[in-house]
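This is what each chain is made of:
Protein chains: 2
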Amino acid sequence: MARIAVDMQELITKVTVVSKVVPSKVIKPILGCVLFDLTEDGVFLLASDLETGVKAKLNCEYEGFGRFAVDGKVFYEVVKTLPTDVGASLEITPASLSIECGKSKFKLSVVDPSDFPEVSLSESSVSFEIDASLLHKMIEKVIFCAATDEFMRNLNGVYWELGNGFLRLVASDGFRLALAEERLEIQGEIGFLLSLKSMKELMSVAESCGDRKLRFEYDGKRVGIVATDVETLVRIVEVEFPDYKRVLPKAFKTKLVAPTNILVEALRRTMVIAKRGSESIRVEAMENVLILSSRSPDFGEVTEEIEVRKEGEDIIAAFNPKFLIEALRHIETDEVELNFIDSTSPLQMNPLDVEGYLYVVMPIRIV
Amino acid sequence: MARIAVDMQELITKVTVVSKVVPSKVIKPILGCVLFDLTEDGVFLLASDLETGVKAKLNCEYEGFGRFAVDGKVFYEVVKTLPTDVGASLEITPASLSIECGKSKFKLSVVDPSDFPEVSLSESSVSFEIDASLLHKMIEKVIFCAATDEFMRNLNGVYWELGNGFLRLVASDGFRLALAEERLEIQGEIGFLLSLKSMKELMSVAESCGDRKLRFEYDGKRVGIVATDVETLVRIVEVEFPDYKRVLPKAFKTKLVAPTNILVEALRRTMVIAKRGSESIRVEAMENVLILSSRSPDFGEVTEEIEVRKEGEDIIAAFNPKFLIEALRHIETDEVELNFIDSTSPLQMNPLDVEGYLYVVMPIRIV
Chain H
4 MARIAVDMQE LITKVTVVSK VVPSKVIKPI LGCVLFDLTE DGVFLLASDL ETGVKAKLNC
64 EYEGFGRFAV DGKVFYEVVK TLPTDVGASL EITPASLSIE CGKSKFKLSV VDPSDFPEVS
124 LSESSVSFEI DASLLHKMIE KVIFCAATDE FMRNLNGVYW ELGNGFLRLV ASDGFRLALA
184 EERLEIQGEI GFLLSLKSMK ELMSVAESCG DRKLRFEYDG KRVGIVATDV ETLVRIVEVE
244 FPDYKRVLPK AFKTKLVAPT NILVEALRRT MVIAKRGSES IRVEAMENVL ILSSRSPDFG
304 EVTEEIEVRK EGEDIIAAFN PKFLIEALRH IETDEVELNF IDSTSPLQMN PLDVEGYLYV
364 VMPIRIV
Chain V
4 MARIAVDMQE LITKVTVVSK VVPSKVIKPI LGCVLFDLTE DGVFLLASDL ETGVKAKLNC
64 EYEGFGRFAV DGKVFYEVVK TLPTDVGASL EITPASLSIE CGKSKFKLSV VDPSDFPEVS
124 LSESSVSFEI DASLLHKMIE KVIFCAATDE FMRNLNGVYW ELGNGFLRLV ASDGFRLALA
184 EERLEIQGEI GFLLSLKSMK ELMSVAESCG DRKLRFEYDG KRVGIVATDV ETLVRIVEVE
244 FPDYKRVLPK AFKTKLVAPT NILVEALRRT MVIAKRGSES IRVEAMENVL ILSSRSPDFG
304 EVTEEIEVRK EGEDIIAAFN PKFLIEALRH IETDEVELNF IDSTSPLQMN PLDVEGYLYV
364 VMPIRIV
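Protein sequence lines correspond, in order, to chains H and V.
Going letter by letter, the first sequence gives residues 4 to 370 in my numbering.
Going letter by letter, the second sequence gives residues 4 to 370 in my numbering.
Quick caveat, the hints were computed from the structure, so don't treat them as lab data.
Incorrect hints may have been included.
If chains are identical, the list can't say which one is meant, so a pair holds when it fits in one copy or spans any two.
As the list claims (entries may be wrong) - Straight-line alpha carbon distances no greater than 30 Å define the calculated DSSO-like cross-link-like pairs of lysine-lysine that follow:
{"id": "1", "residue 1": "K60", "residue 2": "K203"}
{"id": "2", "residue 1": "K83", "residue 2": "K28"}
{"id": "3", "residue 1": "K325", "residue 2": "K248"}
{"id": "4", "residue 1": "K325", "residue 2": "K108"}
{"id": "5", "residue 1": "K278", "residue 2": "K200"}
{"id": "6", "residue 1": "K256", "residue 2": "K23"}
{"id": "7", "residue 1": "K110", "residue 2": "K23"}
Based on the sequences and whatever the hints tell you, model everything.
Quick look at the structure:
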């Protein structure tokens, strides 16, 4: 038997973090559980869906040692509804977990913990530190380009490239590609793919850590992101990411500089018609004017005019406006650069005069 | 041909109001349309799904008369994405509706307006004025009890009872019933049922009118709610509402007074277990203590204790906690009265010392 006395706010915080990993549908009951691990180093809460694992240290008073598993969703809901202004006392036996908090008493069933999956790294071969907010921003800038189809395993995630003093994240769904990079002190050179699901988990960890530093660790099979009290482990996907460097365009014939927000607004309007037609818009740059237009056989047509600065040749091309809007939302500069080769080659978009982010999108054939 | 020059903010407001009525799936294309009616009295925007109709006056400059119909969803989306800081000019011909706004140009297809349904009342037999905020609050207090199944036509709505200086709204799904009433200057006595869909529309109209007065009109077949510039018409449902007065309990054997919020919180916690078991909780009042408990064969059990003031006999009964929580959310007093007869009779809940709202819920048999 074991006893834990804990502040409710601390319990809610840690249970919330680990519960996010508990899958809503489980193959084995133990995977739907949160594990209490009472050790000499402290009390840890653990959850794992085999791909992602989280281990959070619970700051509490306790007596007794052992591992106890309880249904993760039920425990989360119980903890979330309990009053936060009092403490809770937990009593765990091999048969039940009792919670007393104010005038509430819960007695929850427990599950045999012996099958609970391992949540820890082997010896780490690569490690570095990164600001949580920076990592969050990098992930956000590329993750929307990843393929959402789980069967496209090599694109259903984000590729990490580390080395030469850079961390580079790349995602693509075959129609478009986003790349974000930052200078970082990194030893060695490695590249690996993390699934979209794992990336979402890491993004939420990074977001919850605000301005703090994260320690990154890699043991060849798994990646660990360690914050104070909370450790998140994700398994790498063992498939090859395509050679993205071959997609990046080299030389351009037309360069446009456009006001980012005005371009986004104009694209949103063309979308109203485009999504009821061929999902494409025509993009035409002549002199210093960019003309966007679209047509739907049933609903009508739209034309937008935007003043731009142009270098190089006139250009006519067609794109899915959704792909342009989604990228522009991640460009934080007032102006954006659109770099064209010709109407059949990929368009590269990037913030004006800022390094570290670029976006490539394939055109649609003009009919 | 007709021309309209209008401020974008005014256009957005009025298109938003009428678009809400445009059904997402339509049997005939004309029902998916917004109608422009340019008359000597002004320009009106109209929409109807045959059950609910809305007519909004557009404050604008215009020339030309006639009726023109355009796809409601497309028009709404176009208007919502246009810049709001400039005016728009519309040009309507029997073939198209052109919109120019800043550097945006749309040319939308139009639909033959001849089949557009009638949106106006016959001569009104009953009419009164009511504060929009009061009507909104009354609807909110009962609408959650209406049956959501469209095939239960006589319960899938809210019953209006007018007369004897009262407006009374009643809704029930057969398991519970809510009744809200207010004193109002009303001539005559009538009762009619409005569908849940119509009620939601009226609730949103009342909400959007804030503190203003609404004029209510009734012509025997339809109800009109008239606000400045906007008139909403709903058709009554021609079926009989059950005799709800027979359900209202008369004399009670037990009266509890409980703190509303503490009771809600305790119910939310019992729900965590109850929804994983028989969806019922046991309610037991002895001395001045109310004990709530529930049990799930797979997940465990919960007990809650609440201090209450009790008059009359001890009581044990069982309820669906969801039905109790939903009613308590609409009780605004710090304390709530629970009036019991016995474990098989309906429980009446009402705010302490406040008239005009009561809620009746059937117990579950204790097994």
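Hints, verified against the model:
| no. | hint | verdict |
| --- | --- | --- |
| 1 | K60 <-> K203 | within (22 Å within a copy, 48 Å between copies) |
| 2 | K83 <-> K28 | within (21 Å within a copy, 40 Å between copies) |
| 3 | K325 <-> K248 | within (24 Å within a copy, 57 Å between copies) |
| 4 | K325 <-> K108 | between (52 Å within a copy, 20 Å between copies) |
| 5 | K278 <-> K200 | both (28 Å within a copy, 29 Å between copies) |
| 6 | K256 <-> K23 | neither (48 Å within a copy, 48 Å between copies) |
| 7 | K110 <-> K23 | within (23 Å within a copy, 48 Å between copies) |
Taken one by one, the earlier hints fail for this structure only at number 6.
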